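These protein sequence lines are chains A and B, in that order. Residue 1 is where the first sequence starts when you use this note's numbering, and the numbers rise one by one after that. Residue 1001 is where the second sequence starts when you use this note's numbering, and the numbers rise one by one after that.
None of these hints come from the bench; they were simulated from the model. A quick note: this is a predicted structure, and the numbers were derived from the prediction, not measured. Here a beta-carbon is modelled for each residue, glycine too, at the ideal position from N, C-alpha and C. A few of these clues could be false.
Interface residues of chain B toward chain A, partial, derived using beta-carbon atoms under 10 Å [what the hints assert, rightly or not]:
hint	residue
1	L1064
2	R1066
3	T1414
4	K1416
5	T1625
6	G1626
7	Y1627
8	N1630
9	A1632
10	L1633
11	A1636
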Amino acid sequence: MDVGASWYLVLAAMIFAIGALGLMVRRNPLVMFMCIELMLNAVNLTFVTFSRELNDIGGQVIVFFVLVVAAAEVTVGLGIIVAILRRRPGITADDVSALKG
Amino acid sequence: MLSAVWLIPALPLAGAVLLLLFGRRLGEPWAGWLATLMVAGSFAASVVTYLGLADRSGDDRRVLFRLWEWLPVGSLHLDVGFLVDPLSVTMILFVTGVGALIHLYSVGYMHGDPGFHRFFLYLNLFAFSMLMLVLGDNLVVTFLGWEGVGACSYLLISFWFDKMPNAVAGKKAFVTNRVGDWGYMLGTFLVFSSLGSLTYYAKDGSGFLEHVDSLPMVTATGIALLLFVGACGKSAQLPLYVWLPDAMAGPTPVSALIHAATMVTSGVYLMVRVSPVLGAAHAWVPDLIAWVGAATAMFAATVAVSQRDIKKVLAYSTVSQLGYMFLAVGSGAYVAAIFHMVTHAFFKALLFLGSGSVIHGMHDEQDMRRMGALRKFMPITAATFIIGWLAIAGVPPFAGFWSKDEILLNAWETNKALWFIGLVTALLTAYYMSRQVFMVFFGSPRWNDPIEADDAAGSVVDMVGDHGGSVAHGDPHEAPWTMLTPLVVLAGLALVGGAVNLPVVNRFEFLAHWLEPVVGHGEHHGTSTTGTKITLAVIATIAGLVGIAVAVAVYVQRRIKAVEPDILLRAYDYDRVLAKVVGRGGEDVAELTATVIDKGGIDGIVNGVGSLVQAAGQRLRTVQTGYVRNYALGIAGGAVVTLAWFLLRTGF
């Protein structure tokens, strides 16, 4: 069975959809965070796929950038989430709606 | 000897600067002495200049001094320079002479005033501005002085600025004068645009007065009329006279110096200075000037008949006499105008200073109904005042007789109606001045009598006592020597001042010969025979004596009941009508602008934009739910839409 590029792309699309859906339906901030990671890595997967398909190293370079940015984001984001959860245990994302207009 | 000219304005300026810096430290009376000394020095320099100029032959009597280049802009070249000719020298002589006397007087009059040094600072600044006005060799330097004297007039009218009426009177004078200045400035612009020069006379012959012949008649008429508007404002002619009676709120020496002797005559000076332009204009322009002058003279003389305030009588009298001068200018009798200006400076300054002495001696009482019999208490003041009275009433041989007679003669030769108005005015002048003298110096003392309460009348700006204190009467007292000396000197001048231009023999007409190089070309030369002249002089004298006789019958013998209608006391309600028409009209426009245009229009736009944004924000805030999933959905939706758009555009 030949695993073509479209397989990877479909997989990436599915992972991205799962992530996006999870972000919208789940309320636990940690889970939402993991959903974002899913989405990011789904995109990474498409980059790598196209990089290989088009024989262009640029896509893989971008992946590294995405990973670095994601790591930085996790550091900050997790810090905030942990701080919030410490203060108010069991909180959901909907409870933190102070930015409501 | 002429090189001392720059000292003439420089000395009062130095005095003003010194007083500005050290005035408070000098204090009383040294600040006053310094100022007096400066103006006296200026007078000495004027005399030297006069002698230097008299040394030259007739046609050579025009000397130009260029101090420095002031405004070299394009084709406009303005220098700060002096024009020394018989006209300007005549002016500086009496401005500095009378000015020095009034400075001396003020040392006594302003005694004990907290603003003593400030007063002399303004007074010196005024002398400087007035001398710049007179000596300036172009219209702009003259305008500089013109505005300077206006500013000093404002500062001195509202000298006691903590009193509302004084502050209002100062503002009124300033604002009214702006109307005149508007005419002056437009006239200046017109001169420059049509002749390309603002200098009166230049060494290379490029002065604008030397080229008026090349002017189209319409342009010359425009220039003459616009400058006449300026002169009307400064010299208090109809319809702009309203500020002068209220200007009496200032200290009395100010009334004497600025609002009688010098500043208010600068309009006449300007007209005489630009007399070639008047000559080049349509013939009806001089007629208009003569008629405005005659109307003002008559109008103010009737108003003076009913005034109760000792200074207001003199104020309206000044307006009336200035009208005489314009009547002379309009008749082409420039020499007579300047002659009357000089004699008027003598006797009106004398009368004002005399009234100041009375006010001083009466402890700031200005209502003539509360005076009387003062000749027993202040004999010197009374004697000098009486000389002033006889001079202004036109009794020979006092100064006023000669100058007034000259004007009437010229009016006769121009237009009999003008002469008749002038004659009636002369009669009224004699009448109201006699009324004043009898009310103040004769009769019975009345300062302890109660006054019937009828103070509803009076001008818009009511006067308050000079020093503004509450009136507590002791017996009146004679003034100190600093005040009496100027009175005596001026009385002497009012007595013999006519000698500068005696029309008896041609040789005695000193002033006419002296001014000949300046005004000669446009001067009206009389055609009347000696017989006519003498008849006219006799008629004028009789008119004056009739005025005095009527006043004797009314105010001394009390055989005729005094006619002092309230309408005259209120000056025909001119002030009130003016306030209603011009003032109210202006207020209405301002009100309309404030409510309809500003509140409705401008504010409407601004507020409309504001509330639009607010309403939009109110709607949009519901989008901001604060739920992360909603935002995520928004982002996803946005991404889908964008993607769809791109895909549709590429068409797969």
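Hints the structure fails to honour: Numbers 1, 2, 3 and 4, in rising order.
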